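Student: Starting from the known structure of chain A, arrange chains B, C, D and E on it as the hints suggest.
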Amino acid sequence: MPAPLFWIFVIFMLFFGVMVVVNRSPVASAMSLVVCFLGLAALYISLDAFFLGVIQILVYAGAVMVLFLFIIMLLDLKAEQRRRFNLIAMFGGIVVVVLFVKVLVDVCYGFQGGNAVFPAISHNVGHGDTWQVGMALFQQYKLPLQMIGALVVVASVGAVLLSKRELK
Amino acid sequence: MSPILLELIVLALGLGLLLIESFADRLNRNIIAIIGIIGLACVFLLLQFGSFPASEVAGYTQDKAALFFKKFALITTIIVLIMSIDYSDTVRKFVHGITPQAGIGEFYSLPILTCAGLMWMASATDFVIIFISLELVTVSFYTLVAFTRRNPASLEAGAKYLILGALSTGFFVYGITWIYGITQNTNLTSIAKVLPSIPVSNQTGLLFGAMLVIVGLGFKVAAAPFQFWVPDVYQGAPTPITAFLSVGSKAAGFIVLLRVLEAFQSLPAIESKLSFAIVLLAAATLVYGNLAALPQTNFKRLLAYSSIGHAGYLLMAVASFGALDAGLAVVVYLAAYLLMTLLSFIVLIIVAKNSEGDDITHFNGLSKRSPFLAFSLLIAMASLAGVPLTAGFLGKFLVFKVAFESQQFLLIVVAIVTVGCGFYYYLKVVRAMYWQTTTGTQTAIPVSLLSTITIGALVVLIFLFGIFPQLGAGLLS
Amino acid sequence: MNVLVHLTYLGPLVAAILILFGFAPRRTAITGAVVGLISSLILFLGYDHAAGGYQFTSALALVPAWDLKFYVGVDGLNATMLFLTSLVALAAAWMSPRTEENLHRYMACVMAIAAGAAGAFASLDLFFFYAFHELALIPTFLMIGIWGSGNRQAAAWKITIYLSIGSIILLVGLIGLYLMVPDKDRTFDIVKLQAMAAHAVFTGPSANWVFLLMLFGFGTLVSLFPFHTWAPQAYAAAPVPVAMLHAGVLKKFGLYGLLRLTLPLMPEAAHNFTWLLLTLLVGNIIFVGLATINQKQLDLTLGYSSVMHMGYIFLGLATTNLIGVDGAALLMLAHGLSIAALFAISGELRKQTGTLDYRDLGGLAKSMPLLSFLFGLALYASIGLPGFANFASELLVFFGAFKTATPGAAFNGYQIATVCALWGLVISAVYMLRAYRSIFFGDRPSRWANVKDVTLGLGWPVVLLLAGLIVFGFAPQAVLQKIEPGMALFWK
Amino acid sequence: MNSAPWIILFSPLLAAAVIVIATQPFKKLSSYVSVAAVAVSLLFALTVFGSPDQDVSFNWIDLGVFQVRIGYLIDGFSKMMLLVVTGVGFLIHVYSIGYMHDDRGRSRYFAGLSLFMFSMLGIVLANNFIMMFIFWELVGVSSYILIGHWFERSSAADAANKALIVNRIGDFGFMLGILMVWSASGTVMFGELTSKWSTLGLGAGYATIAALMIFCGAVGKSAQFPLHVWLPDAMEGPTPVSALIHAATMVAAGVYMLARVYFLFAGSAAALAVVLWIGVFTSLLAALMATQQSDIKRVLAYSTLSQLGLMVSAVGLGVPVSALFHLFTHAFFKALLFLGAGSVIHSLHNEQNMWQMGGLQKKMPLTFWTFLIATLALSGCPPLAGFWSKDGIVAAAFEHNAAAGLVITVINFFTAFYMMRLFVVAFLGSARSEAAEHAHESPPVMAVPLVLLAIPSLIAGFPPVEHIFFPMAEEAGPSIPAMLVSVAVFIAGIGAGFVLYRGKNSDPVSIPLFANRFYIDQFYSVLVKWTQDALAGVAAFVDRWIIDGGLVRGLGGTTWGFGFALRFLQIGNLQAYAFLFGFGVVLLLYLILFAA
Amino acid sequence: MATLNDYLLASGLLFTVGFAGVLLRRNIIIIFMALELMLNAANLSLVGFSRFHTQAGLPDYNAQVLVFFIITVAAAEVAVGLAVIVALFRAKQTTHIENLNSLKF
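First to last, the sequence lines map onto chains A, B, C, D and E. Here the first sequence is numbered in numbering that gives the first Met the number 0, starting from 0 and rising by one per residue. Here the second sequence is numbered in numbering that gives the first Met the number 0, starting from 0 and rising by one per residue. Here the third sequence is numbered in numbering that gives the first Met the number 0, starting from 0 and rising by one per residue. Here the fourth sequence is numbered in numbering that gives the first Met the number 0, starting from 0 and rising by one per residue. Here the fifth sequence is numbered in numbering that gives the first Met the number 0, starting from 0 and rising by one per residue.
This is chain A alone, in the form it adopts within the complex:
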């Protein structure tokens, strides 16, 4: 991906990421999150991960975020009132975050070879990346796949148990 486009999407993604955090209205936060994920999906596609880009939009921006919005609506959450800041917590949080960024930057730029352009890939293998991911999933990763099935069952049972008004 050409650099300008990359940077646009990155800034797009980060800006809405920040908006998730700073918006006082939960709905606005959720919407920002959706947009942020769109940017993220674009970045996936820029990395030739088309399948994941689509999944990202379908699952995340589509399903998960709708779930979020739905819950926010259901609970009728209002915008957070402006309250006095807990200065110590604020300060502490920011310090921790800044220090963490410092670590991240050090680590990222210490990565050898990361400054080179990505190696070229051949687009003419015949199967798209969806096929490739699928093959890996059902061959090499069939055990985790079964496990994730169990996980989803547990999650759905759990969600029902916890949110159903009256159990029977």
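Rather than coming from a laboratory, the hints here were simulated on the basis of the structure. These numbers come from a predicted model, not from an experiment. Where a beta carbon is used, it is the ideal one built from N, C-alpha and C, also for glycine. Take every hint as true, because none was put in to throw you off.
Some chain A residues close to chain E (C-beta under 8 Å, calculated; not the full set):
no., residue
1, F36
2, L46
3, L103
4, C107
5, A158
Tutor: Chains B, C, D and E in isolation, oriented as in the chain A frame:
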């Protein structure tokens, strides 16, 4: 027999029970628990007496440690189910339901699914499998912790566990990312092979990833400073689930931690830094868990702090990874920990049910109300404190031994102090049971047959492990 | 007849378990103690000192990889200690109350303590040697807390926490000892470890650390100054049988450990830290002795005095020559018997009067002639008068300490410590005689006019203990000849 | 091996054991058992007296590298002492039957007396230091038991404690001395030491200190200054006990021991000088104190002190045989004095104040006459026993150390003075109290021993008699000038006492310093208070508040407080947890990635 | 051309933003969203690495499978998490974490 079958059987058992739960309305829910217990016991027997060829599935191993931890998970789940039967009245009280048995069946069957996750964790040597099984366990615990949702404490605990658990998952995943990014592998065996060829400039990133993985696992095993969820969640969660968390989840965390560290041993530069990190964690955990337990007045919370403290001793053994018997020390310690912690919780459930509370003062005069429970809890406390001729001592002994062997003198000094603290707070319970007189109700406490057998078996096992160290020494053979 | 050694601890242990399962508490306990006493007496008398070495041994291999086994057996030293243990255990069982709430629990605890002590002395394997000793920890905690007197709760806490920390330090020391052996020879077998000492296995800088750990670990258990403050209060608060067993027997475990393991295995380190040990033991004798003078209650006086007398045993150990070490071993026996007798008597006294405060008591010799006579004998023993085993052993300790000197030269550290120890005899006379005088002599306040004397039927265990002291006082050789072969292996 | 010494030694112990175990309830039987035992000892002592010297011992403790031996050494000294101890002892036992007739604790008394005989005979027979120390301690115990016989009396109980503790202080030095001697020579056997000690080539300092440490034992047992304070208080015991233990035998043990181990001192002038001047000083002090006492037994006690001082100074002068000779004669007349005093006290229903007596000449003639004999003997009236034995010391003093001789002469003057004072006030004049009015002679069982003791008081000093008992004494011709001085001093003392006190109802002379024993006891009680008790208080305080309170509890409390503080991290706020979690992550990353 | 490091940095910053959200926001739902940000940041890195580690001219699909799993797990987690939050809201009528403070010390 294919090793993978075991988890599938457990999974099928759990799902089957869920089905029974939904379609057999009239069925006494305790039957579900009993079926679960019997089913798990069968799997345990299968595991004990069956033979398992080496696994052919990538990222899934069936070594001694894996087998041990599977048995460990099974026993834990069985005892948790037994506890749950005693606890079902409380669950009933705190669950919205139109029928009196609402939710009980799920309360019995979810732990079985969790158990499958724990068993997978025991065998996982690939970060993908580790991650998924870990999440399977975590997600089911989110549900279980918040299960008694008319109890605000339970919900609060659930929320805290959820947020902090997800936070730790975030770090864990990010750590995996970095490890993958640098080694181009998620399989621990392959990572171990690749590591020596990692250029020095990439070691920082690798270390960063490994540290974040340790952070995620540290959260699971309740290592300071990632232990803050533990007291609150333990206190708020339904007691059998607390027991499950404190035994099953922790043990699974330790096996994964051991496997990860084992993989990193092939690169000494990283390994030394990681073990230094573990030393720091161990010291902090020992100090935090044991010291903060000193002023506790709530027994359940006390057990939470004690659980942190024991994580400290376990980390001490992990930090001594170079020593001959370090793995054995962890295993023996966990086995002892299982016996004594579950014993404490099962007694706690019975006493709390009859005393309407789980403060230490509710144990006042227990020796009169139920000499059997009092004596059992006495044994549990003695074992937790590390009195010789109990299982807890054998664990502590091995931990100190491996720590000395790998010259972790800082940890030893800290541990000496914390063992002293441990005596204080465990004996506080003994004091309540034996010195104090009952403040509230004086009636004798009934104990169901199943619980009596379980308690008796645990007491006997605690002694057997303490008196015959070969039982512990043979755990990995 | 290898079952004999097992009987010494199994007697009390089985008794404790049976009592918990509902057998008649008192009778079962006494039966268990008698079984222990008979078997230990046979062991003691049957130990062939001409042949030497460990006899009556039996071993059950548990973990071959670590060379961990359940290994018991006796030489003169632990035969003596077993004899002491079972004698005091019997006395303690007898002196236990007859009517008490939860008597079965009480007796089970007493027997558990006795079993722990006996097991520790019988074991020739480090693991069980350590493990058995700790068996007493929880029963002691329970007994002081439930049936103690005075400030029982604080005392129970203190002794338990203190001893547990001491034990864990000791555990680390023992582990260090175990690990000092090269990898392939590692063993928990005390006999093998002792044999290794000849090959200078336990030397070098790490030996110093291990030595210190063991010294402070064992020292805490023995109430070595300044780690002694648990003892007086705990003994003052403890029920009589606990005080008897703990001060008389369990405390000797630490000394026994030093004598059996630390000193013979690490002579070099011991030599390096002689100065430390001498300084601390002078603290035991002089400092604690002086503090004893200031006590106003018999139980506290006895508690402090038992701390003080540990100094003499330490002096004997510190000499690391045959005379001093034999003296120390004999003194362990003698002190065990005498302090047990004293605590038994003070218990009876408290039972009759309800107080042990000197300011309340007086002139009781008139109402309690037998008790005062027995107390007198125990007191003489305690302050080391001839005719009692204490004297012979202290004598050996002093001679042992002077054995280290260059003839005609200025005093060395041992000798200075001995001077202090000799002065300690004056101090002990001062406080014991003051105690005796204020309780039994002088005017008798009218409220004690109807106090009943102890009968022989009740007090015979005390007579037995005192008889032991007198017998070994007149014939110390009976014990020394048993102990000596084991000691002569390491010391000259 | 001659078994007689063993029989002598153990028959009293057997008696004591029999009394304690079997005959306690039968008071009369107890007393007979005790008397019979001492009679047996006496008989065998007589046989031993004629037997040859021997040194026999067996191993009591044998460690291969070290032996403790028990044995006996029969030589001139011990033969003489055996006879004195068993002889005087026998008479006093007999006397006690009468004296203690009404006492409730008679069995206990006789058991104690028998135990004492055993211990004392052990000292006499001992052939080595350790054995001597063993019995040395045992006489202390038996003395303690007997002084405290009337334990209901606080004064008696205190006196008993004082005696034992002060003796222990002496024994502290004694044991140390023994250890020093052993350390230097490798043996504690008297026989070996006698020949070996001077050849060891020890430094003068070491030898002197060792000797002086041994001397400490004698200072305690023989009540020399500064450890003399227990003896006067010991008069709280029954009078026969005072006679036997605190006059005739036990207190003399120190002198006996010094004579036994004289070889230790022989080589050290400094040690001898210390011994001499301690003896002289004690003797003078005690004589002065005696002049102002009104308790009949106390006067005698101070006189005992004074005479013991003389004996000790004799050792210091280098004439141990003279010391023993004085010990020998002194045993008889001092026992007689005490028994006489006891007779009076018994008859006056435990009245001990001599100003409440008087006019006893008619009522108690036998007591009167025997007491007079003893008084004169003690005062040094020629040719009674005391004259001869004192004379030896005076002569030696003038020969070796004129200054000491002078002081001793003064002491002798005071001896005669206070004895006359006692005699005049207690026996002469008119009865000064109700009790004295109704006094009557004691029963025969008490009177006969008086008579039997009067005989040796009269004759024991004559040179032929001396020669029987002291064949080892070198034949020094009697020193005429010394004798003259002695006689003059005697007359002056007797005269002064008689003149000053005749017919007086109260003491015409009042010297509070003497009456209050130079305030030494008060000084000691203050000293003990400000040293031992103060130190004890400090130690207890430090133990309780600093070691236990500060260190132990402080550490415990700090740990607990730290735990308490840690709980405040656990404030229940999820965000705080997240923050701490993140902080932990960052901290750990910094430590591991960048610091380590 | 954007390099791997740029992607990594972008991912890291996104992770940090999420982390900051967890630390700074009080509404539990928003915190939960922030947690999703963190997981997605990890995904971005993984995809970047996947593209970087080409094998035979193809991206390393193993990493993409992992991303797939992470997305699934995250979805499951969201389901349970939101259920917990709903239950919590029903019980306490709030989603503010300050009100979750009955369990402490």
